[in-house]
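Enquirer: Going down the list, the protein sequences come from chains A and B.
Start counting the first sequence at 1; every next residue gets the next number (the working numbering).
Start counting the second sequence at 1; every next residue gets the next number (the working numbering).
No lab work stands behind these hints: they were computed from the structure.
Don't take every hint at face value.
Chain copies aren't distinguished; within one or between two, either way the pair holds.
[Claimed, not checked] DSSO-like mimics (lysine-lysine), calculated; alpha carbons at most 27 Å apart, straight line: (1) Lys287 x Lys401; (2) Lys401 x Lys281; (3) Lys33 x Lys281; (4) Lys83 x Lys33; (5) Lys281 x Lys125; (6) Lys281 x Lys87; (7) Lys401 x Lys83; (8) Lys287 x Lys83; (9) Lys125 x Lys401.
There are 2 protein chains.
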Amino acid sequence: MAQLTGKAVVAQSGGPTAVINQSLVGVVLESAKHARITGVYGAMNGVSGIVREDFVDLGQETSYNLERVAVTPSSALGSTRDKPDEKYCEEILQVFRLHDVRYFFYIGGNDSSDTARIVNEQARKSGYDLRAVHIPKTIDNDLMQNDHTPGYPSAAKFVAQAFAGINLDNAALPGVHVGVVMGRHAGFLTASSSLARVYPEDGPHLIYLPETPFVAEDFLMDVREVYSRLGRCVIAVSEGIQDRDGVPILSTLMDMGRDDHGNVQLSGTGALGELLTQQIKDRLGIKRVRSDTFGYLQRSFLGCVSEVDQHEAREVAEKAVQIAVAHDADGSVTIQRVGDYAVDYTLSPLHEVAARTRLMPMEFISRSGNNVTDAFRRYLEPLLGSGMPQAGALRSPRVKKLRG
Amino acid sequence: MAQLTGKAVVAQSGGPTAVINQSLVGVVLESAKHARITGVYGAMNGVSGIVREDFVDLGQETSYNLERVAVTPSSALGSTRDKPDEKYCEEILQVFRLHDVRYFFYIGGNDSSDTARIVNEQARKSGYDLRAVHIPKTIDNDLMQNDHTPGYPSAAKFVAQAFAGINLDNAALPGVHVGVVMGRHAGFLTASSSLARVYPEDGPHLIYLPETPFVAEDFLMDVREVYSRLGRCVIAVSEGIQDRDGVPILSTLMDMGRDDHGNVQLSGTGALGELLTQQIKDRLGIKRVRSDTFGYLQRSFLGCVSEVDQHEAREVAEKAVQIAVAHDADGSVTIQRVGDYAVDYTLSPLHEVAARTRLMPMEFISRSGNNVTDAFRRYLEPLLGSGMPQAGALRSPRVKKLRG
Chain A
1 MAQLTGKAVV AQSGGPTAVI NQSLVGVVLE SAKHARITGV YGAMNGVSGI VREDFVDLGQ
61 ETSYNLERVA VTPSSALGST RDKPDEKYCE EILQVFRLHD VRYFFYIGGN DSSDTARIVN
121 EQARKSGYDL RAVHIPKTID NDLMQNDHTP GYPSAAKFVA QAFAGINLDN AALPGVHVGV
181 VMGRHAGFLT ASSSLARVYP EDGPHLIYLP ETPFVAEDFL MDVREVYSRL GRCVIAVSEG
241 IQDRDGVPIL STLMDMGRDD HGNVQLSGTG ALGELLTQQI KDRLGIKRVR SDTFGYLQRS
301 FLGCVSEVDQ HEAREVAEKA VQIAVAHDAD GSVTIQRVGD YAVDYTLSPL HEVAARTRLM
361 PMEFISRSGN NVTDAFRRYL EPLLGSGMPQ AGALRSPRVK KLRG
Chain B
1 MAQLTGKAVV AQSGGPTAVI NQSLVGVVLE SAKHARITGV YGAMNGVSGI VREDFVDLGQ
61 ETSYNLERVA VTPSSALGST RDKPDEKYCE EILQVFRLHD VRYFFYIGGN DSSDTARIVN
121 EQARKSGYDL RAVHIPKTID NDLMQNDHTP GYPSAAKFVA QAFAGINLDN AALPGVHVGV
181 VMGRHAGFLT ASSSLARVYP EDGPHLIYLP ETPFVAEDFL MDVREVYSRL GRCVIAVSEG
241 IQDRDGVPIL STLMDMGRDD HGNVQLSGTG ALGELLTQQI KDRLGIKRVR SDTFGYLQRS
301 FLGCVSEVDQ HEAREVAEKA VQIAVAHDAD GSVTIQRVGD YAVDYTLSPL HEVAARTRLM
361 PMEFISRSGN NVTDAFRRYL EPLLGSGMPQ AGALRSPRVK KLRG
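For reference, chain A alone in the conformation it holds in the complex (with noise of 0.2 Å):
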């Protein structure tokens, strides 16, 4: 193939996360670089704007507003859910062709690198010359070659540091406390509640997650064994635990939507908390029982972010247009962990990445299959950056009873 020379548009698809703008930033500052990217398009609402001709020129963007938008949290451009087929793509192809687009860049989790793949396959079948890179970015952490993705490092930031709160909250008034955490199939962020701790006796005490099995009655006894020794229990849950036959135990509940993607709406309500702290007080006779959704805060909260995590965000679309350009090859730029702690970027075929997940691997996992090792801790810690904040606790010795 030879070097093309045109347009770069880039997209943003996905739920948004704290770094996604780090990326699209990324893209539009290396872009700037090389002559044979004649201007950098934005589309909004990702490919649902390029089906729409829906463009926004980001080379009239200063370089100071880039880095404003940089640091924001959720996509600038916009997101979808759209999962384009054969007419959709070829609804992209025409208005590429029209507006002279050579490089596509979609930051997206793996359906958008699946739809980077279909864009990829239908250029080459109707001979349209047309680079397009998947740029890695969701908070589940669940995309296959990469050591992780960016997103997930910030969100496990603020998902660690809520559940220190939580743990010290549930410290003072004692009671059982039930986390919910995102991930539909990989428990990784519900995981990485497990860097709350400091003392011994700090929760998350337990933590469940989607790759092992949950067992009502298996976890009704992990509860009563904790309670009863240390008077209070922080429980994290994954919002994707399952059942043996791998049926979600939230849907088991409740009629629920799917997306267009056929996956099932586990975020955005409360419902498994719910129940969870229902089956706690009916069945194990605990009065003080309360559960929070994490809900969207652990994606877009603004002001809780790895720089780490920014760092890498932004690299990872630096390389995806060298890549794109000087190395003329289409793939997903993928991260890959060299040494403790340093990163590189490899570009991995798309449909090694596209619409496959990566779960969290058995060595991460207690055997108990209610907690996680300390090789996940140690695989995790890096990634959190600087400024992770301590909580301390009094060791103040008891005072002598004076009443008989």
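Following the hints, complete the assembly by docking chain B onto the known chain A.
Expert: Structure of chain B alone, referenced to chain A:
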């Protein structure tokens, strides 16, 4: 009354905050400066620790560890919801006599100031010389005689940052979002969501407070208007919204427990958010409607704090000790705003603060009843301190469409 010599007991009560340990540390460090205070004991879990004679000797803490505890959210001594009656107070006094306790510093909200009042009156009746000083704390900001209360500014900062993120998320993936915020009677914390706005079309677009009667039909009309204008709508709702008769909207929904103070349990359940989203879906036919109930994160999240709040929480406790020792007086230390922006501390009689509730003044609520005024924003802004992150936005021009 003569100046007293004896031990001090400090205790923490009610819902934890991000800065309640600043007040604890303020009492400990200030007490060490006064020879009349012969020791500082911390009562574990509020007044319940006193009657159980469960004290720690805070004089044996290092200053470094105290400063670590000061920046840790939640109540380091543990908390309680106990509301002492006469018999309970008699036991408190017995223990105080036994340990020669002459100074009682109780950090908490209006229920706690009422406890301090009862203990104070009982001591006087039984002829035991005791200084009882209430140190204000509540994220609800609903204490009489205070311009604002320690804990509120940090919780308000969390709520503002959360809504800034939700607004960006909602702009990227449009729909309706309902965020449910703590506050049983007073809407101050819900109102702080307004500080999230930067650009004219930023959410929250609608804010519902307990101070204004909530009428479902008006609510639905408001949502429809915003949604048809902007294609999206972000809503901040207090957990304590009430109907025209003062009945909490949530309590009309479910059979709920009440705590020892007769308060309905409004937190720890996502029911209000679910109800409102269901109404919007059913009645307005909008598909993408989500809710988040902020829960314990807003009062305990580790790492979201206003340094103004930290300083004031420390100062108000220092003043409490100074007043008790040097000025030989009982009461509640209250925060007064002097100038723009500085504060001073005064002593208010306990009965003026105890068990009463301060609501949002009318000039802080928009005439439409579904938003707040600029006066409120000017009131809150200096309390949030520095480091309030600002959202950025692209301003690239639209590209001309080439298709006919």
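Enquirer: Determine which of the earlier numbered hints do not hold for this structure and return their numbers in increasing order.
Expert: Violated hints (numbers, rising): 1, 2, 3, 4, 5 and 6; every other hint is consistent with the structure.
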